Amino acid sequence: MVDISSLPLLSILTFLPLAGVVLILLLQKASDGVAKQIAFWTSMLALGLAAWMVARFDPHGGFQFVEEAKWMSFGGVELFYKKGIDGLSLWLVVASAFLTPVCILACWDGVKERARSFMIAFLVLETMMIGTFTALDFVLFYVFFEGVLLPMFLIIGVWGGPGRVHAAYKFFLYTLLGSVLMLLAVVAMCLHAGTTDMTALMRADFPVSWQIGLWLAFLASFAVKTPMWPVHTWLPYAHVEAPTAGSVILAGILLKMGGYGFIRVSLQMLPAASAAFTDLMFVLSGIAIVATSLTALVQTDMKRLIAYSSVAHMGFVTMGAFSRTPQGLEGAVMVMLSHALVSSALFLCVGVIYDRLHSREIARYGGLASNMPHYAFLAMIFTLGAVGLPGTSGFVGEFLAMQGAFLVSTWMAAVAGLGVILGAAYMLWLYRRVFFGRLDKPGVAAMKDLTFKEYATLAPLAVLVLVMGVQPSLFKDSIAPTMRDIAETAKARANPAPDVPPPFALNRLTGGGAP
Amino acid sequence: MNLSDLLPLAPEIFLACAGMLLLVAGTFGGAGMARAVNVLAGVSLAVAFGLVVCPVTGVTGELPGGHVGTDGFSQFVKMLLLPAALVSLVLSHDFLKKPEAARFEFPVLVLFATLGMMLMVSARSFLGLYVALELQSLSLYVLAAFLRNDTRSSEAGLKYFVLGALASGLLLYGISLVYGATGSVVFAKLQTVLASGDAPVGLVLGMVFILAGFAFKLAAAPFHMWAPDVYEGAPTPVAAFFASAPKLAAVALLAKVLYEPFGALAAQAQPILMVLALASMAWGAFAAMAQGHIKRLMAYSAIGHIGYALIGLAAGGAEGLQATLLYLVIYLPMTLGAFAVILCARKNGVALEQLSDFAGLSKTRPALAAAMALFMFSMAGVPPLAGFFGKFYVFMAALQAGLLPLAVAGVLLSVVGAFYYLRVIKLMYFDAPRGAAFDPVPGWGTGLVLASTAVLILGFALQPDLAANAVRAATATLAGAA
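Just so you know, the protein sequences line up as chains S and F, in that order. Basically my numbering = 1-based index in the first sequence + 7. Basically my numbering = 1-based index in the second sequence + 955.
Source of the hints: derived by calculation from the structure; they are not laboratory data. Bear in mind the structure is a predicted one, so any value in this text is a computation, not a measurement. Every residue gets a Cβ at the ideal spot worked out from N, C-alpha and C, and that includes glycine. Where hints are given, some of them may not hold.
Only pairs whose alpha carbons sit at most 27 Å apart, straight line, appear in this in silico DSSO-like list of lysine-lysine [what the hints assert, rightly or not]:
1. F:K1302 / F:K1052
2. F:K1114 / F:K1053
3. F:K1144 / S:K119
4. S:K177 / S:K77
5. F:K1318 / S:K36
6. S:K177 / F:K1318
7. S:K498 / S:K119
8. F:K1318 / F:K1302
9. S:K36 / F:K1302
10. S:K119 / S:K460
11. F:K1053 / F:K1302
12. S:K77 / S:K119
Per the computed footprint, the stretches of chain F lying under chain S, defined by three or more beta-carbons under 8 Å from a beta-carbon of chain S, are [as the list claims (entries may be wrong)]:
13. 999-1011
14. 1237-1250
15. 1284-1290
16. 1364-1377
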């Protein structure tokens, strides 16, 4: 009898979707329906595993489910295949495992062309996402982080709307441009510390002059991914053109990779630079929250509006994270989780009516509350979640993030407060225009209410939004200890180590003499 | 001199004999023999590979006279050259069916070119090097012009020949300068001369000329002008061959020269290599964007890849050399696989070479499109595909040597390069098909090449150390990289 607890749970979770891919590829003759079934049940199995992982997670245990194996070596640096999760990554892994079956269900009838390939792309994407959040080797992290581009490029480009080519290119090249600088930073850090183990890098003291350069290289990557103002411009394109399921996963998970990176890498590995750049991050977050909220107000396309609201929400994440307080960090993670639910749900909601009327123009709709009451009810929950009404998931995160920011800078909290008001304005106004008013727009009255499958995708999300709002401790308790640690360590190590020259030839870069 | 003294060169001697025998056989057999000779040539390459690997014949050592000799490094490079040449023959098997191409000289020329390359990497003096290089080059000139009734092919051959002769002249001039300055052309002697004191000016000048000659053979910018025209004009199987084995041979030779005779001149060579690397990466990235012809695109892509490979040599040291070799180990399957796909691009037996012909391939030939997408993503350096690891190694070497500006330029140019690789994917996946589907994949050989290269590209991430350890062991035998 094999001891279940000794199984490499994270590896199984990461690569289980790939097993689904192999199965789909092997069954060449099988119909699209079979491919969908395989994809759905594989991802459900992964979700089950993720749930089991949550049950066994110890909030105070630091990195858990750690696996380690030799991977490769070059230039005297050993690279490991190392995986593990802590309070920061736990729920992001679960969110990835949760949203994949939701997406597959959501596109069940919507994707008619090349459904097999679509399922393959989604399963590969799931592997990459879970791999990113569970990787504890820096190069391994980079491999997964970048690997996401591959399936996502195809998802936007093949199954997207009319402007999909432009959107796919913009998504790919923007992200790649940021990431290649991160690659150099990863390599430089690993050479300096002589290891690629992320937990070891968190303890390595990099000289301040280094931290600044490295931090900026990571900023290039994570800011594009998050996305932060002013490098967020790829997001509206990508969201508008991507198919519904693509938008859901993009908003739900891919954006979180930026926030995750900021906390995991910038704050944990480069604390001195993070302290030095707090003001910069606050300013950028503040602009993101207010400017993109204002931009969202004037949008006429629903997906574009939600895309801009995502940028604003991510502003709360960066604000909370770089307040470097336990509350702020908890808030950042909670905003990420809440946004993963709410924005996904909102994109699914847009998908529901887009499937019926093939338009995302807000002006094409009106009065839906009278002929689609069930839909209107669920959409209301998600709208309020996005607004951050107490009792929904949005409130907890935003409140904590603002609390954290308030401890550091009153101004920042005030700007964020303004953002909350604007958020309520554009979301509620969107709701009013689509659901209330007279049911007199052409074709709108004939729209039918939710089908069973649509219920099945939206209802779990609605329940979770409420559960997270009413009983946040279910999530917060496993996050909080880790966040406290991160905040304390970041504070303690904010004062830089003495600026010693690095031990190898890289010091030529910083103006030192040749060795 | 004993017969056993020749043992280290057993594979080369075997190939030379096999080539001459096939030449005779082909002459008597006539045109119908082309494909039979091709198969036999392939078998000869496989046997030569066996001789390299076999512990009895695959010994290392120097031949009397000191002009050629084998070591771990040359053995390793030969183990890559021979399969690459073999794959080129497999890919050309279908091409030899065409009446205008059905001539037995084709496989024989490939055989002699491969022999030249093997001797190149075994060279221990500039004379041995030059003779081997010319054997390779002359075979390649003829191969480029192989379709002699086709004006583009003849043009390619002539262009390649004229510019190649110029490069040989540069190389020879450089060798004469080195000889004039030191009184020797043997690597080992040059090494001792250089180790004993300052480098004479003539020697440095000679090295510059020699590097320029190599840069031409490598098609590294700014000595790349011939490559796009030659790739476009030459028959596609020939272009596939050009893009694979000769590149590896030339890089290996360059590495050998830089690490052995000129080991002490690393500081003087570094700026030259950096300029070559930077210019190649930039030119490969920017010029490829405007290309509508798939083979020209591949030519620029090859120029760019050589730029990345040169980063390793510019970085120097053991890591730099390893990185360069690893880059090429990864480059070979990528480029051979991509050319295999290009060879499949035919409708009713007519080869299609415009990029736009690939439009909608994912609908008409999903497996072929998937393979091409894999190679393109890999060339763009997207993880977890093999191409990413090649770039990772060279950037690691560059940062270790403190070449941050070069590394930053390299990564930024890789984003520019990604643009045109994505264009191929965009055409295949995002655009609608035009006209009928491609002909079925010609022969199981091409299919096998496609499958195995794709598996290598996909699976590299699982065991990167297999290649890295082999390269580490091989480069350890080079004096400068020990």
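Right, here's what the structure says about each hint:
no.: 1; hint: F:K1302 / F:K1052; verdict: 16 Å, holds
no.: 2; hint: F:K1114 / F:K1053; verdict: 25 Å, holds
no.: 3; hint: F:K1144 / S:K119; verdict: 71 Å, violated
no.: 4; hint: S:K177 / S:K77; verdict: 36 Å, violated
no.: 5; hint: F:K1318 / S:K36; verdict: 16 Å, holds
no.: 6; hint: S:K177 / F:K1318; verdict: 24 Å, holds
no.: 7; hint: S:K498 / S:K119; verdict: 52 Å, violated
no.: 8; hint: F:K1318 / F:K1302; verdict: 16 Å, holds
no.: 9; hint: S:K36 / F:K1302; verdict: 26 Å, holds
no.: 10; hint: S:K119 / S:K460; verdict: 16 Å, holds
no.: 11; hint: F:K1053 / F:K1302; verdict: 14 Å, holds
no.: 12; hint: S:K77 / S:K119; verdict: 43 Å, violated
no.: 13; hint: 999-1011; verdict: violated (count 0)
no.: 14; hint: 1237-1250; verdict: violated (count 0)
no.: 15; hint: 1284-1290; verdict: violated (count 0)
no.: 16; hint: 1364-1377; verdict: holds (count 7)
Of the numbered hints stated above, those contradicted by the structure are hints 3, 4, 7, 12, 13, 14 and 15, listed in ascending order.
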